[in-house]
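A.B. asks: Sequence:
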Amino acid sequence: MDRTVAVAHYPEGAGHATRMLGVAQALENAGTNVVLAGGGPGSRFIECNGYEVFRAAPVDYIGDYQQGSLARVVTRSLPYSGKRVFDIARWLRREDPAALVTDDMFGAMAASLTGTPLYIVTHNAASYYDAAVEQAFTWLLNRYQLGAAESFLYPAVWPPDRGDPPGVTHVPPIALDPAGCDGPNRDIGVLVVPSVYSTHFEVLVETLRTEGHAVTHVGDADWEAVPSLLPWIRSADVVVCSGYSTVMEAAVAGTPCIVYPFTDEQHGVSRVLERRGVEGFQVEHSIAHVARAVRHPPEEPDHDNGTERVAEHVLDDLS
1 MDRTVAVAHY PEGAGHATRM LGVAQALENA GTNVVLAGGG PGSRFIECNG YEVFRAAPVD
61 YIGDYQQGSL ARVVTRSLPY SGKRVFDIAR WLRREDPAAL VTDDMFGAMA ASLTGTPLYI
121 VTHNAASYYD AAVEQAFTWL LNRYQLGAAE SFLYPAVWPP DRGDPPGVTH VPPIALDPAG
181 CDGPNRDIGV LVVPSVYSTH FEVLVETLRT EGHAVTHVGD ADWEAVPSLL PWIRSADVVV
241 CSGYSTVMEA AVAGTPCIVY PFTDEQHGVS RVLERRGVEG FQVEHSIAHV ARAVRHPPEE
301 PDHDNGTERV AEHVLDDLS
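Using the working numbering, read the sequence shown as starting at 1 and increasing by one per residue.
Heads up, a few of these hints could be off.
Distance windows between CB atoms, simulated [claimed, not checked]:
(1) R271 - R295: 23 to 29 Å
(2) A214 - R143: 35 to 41 Å
(3) G82 - N185: 42 to 48 Å
(4) F86 - D237: 42 to 48 Å
(5) R93 - P166: 30 to 36 Å
Read the hints as simulated data drawn from the structure, not as lab findings.
Just so you know, even glycine gets a beta-carbon here, dropped at the ideal spot from N, CA and C.
All chains should be built: construct the whole structure from the sequences, respecting the hints.
C.D. replies: Structure representation (structure tokens):
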């Protein structure tokens, strides 16, 4: 097949890159050529899987706002946002794909500028946030994405919920599951997966080890980067995480998951998990409570991987 589909990931954290790479591989498996764009820390995971990735200018709104100030957003994130839109638009004109599939709002803007058919794949919703400025920005962003995109595909571990943006198309959670990716050759025990914004996870790991648990800490000094975390999550007895990408991977892997949130978005996702009573997940807000939950983890979750559903939706639409 001569058709090429562009896939771009948002540059904050690695989770955006891994889940969009999962979508890209599903498109490839369906016989479609794929080109990738991203930037930020996640792009090294794409390169670790043997792909080239166009690195557009990175932004970090969460880091600048939640760990800095509004002034930092104005002086750092906003100027880089314009540069990122310009970079991705230039890339789209060069590649001339049949469509762009992305979780990146700046990629969406670049698609509008270049007339590229757009498919949004993200779970972001205004209902996750407490701060009025974040709620308003995300509401406007969702409105824009719904208007600009051919489809807004919403990967969720919960059924349709009142907090979801109206008009989205639910798909199962998505996770990177590359063929031939070997799993661990040792006991994983408790797999601890901090997000880029998590804090005090070293104390959590030490607490769990003191209680006699075997613990594997993703990202510590002994950890080596792997093409996909999913085989490790499948091998774990329980996973402790903060970010929604790992929540989706635990759902696909069928591994009980303790969610220990830090950012506003993570707390918002946690509220939905608790409100809907999603099986396989338990939310805790302190190291002591996480340790207690590890001793008595929830039931195993059971979800399909939504990457093929996303690829089928996009390709059927293009056909």
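A.B. asks: Give a verdict on every hint.
C.D. replies: We went through each hint and held it up to the structure:
1. R271 - R295: 23 to 29 Å: holds (24 Å)
2. A214 - R143: 35 to 41 Å: violated (47 Å)
3. G82 - N185: 42 to 48 Å: For G82 and N185 the Cβ distance comes to about 47 Å; the hint holds.
4. F86 - D237: 42 to 48 Å: With a Cβ separation near 47 Å, F86 and D237 satisfy 42 to 48 Å, so the hint holds.
5. R93 - P166: 30 to 36 Å: Hint holds: Cβ distance 33 Å, inside 30 to 36 Å.
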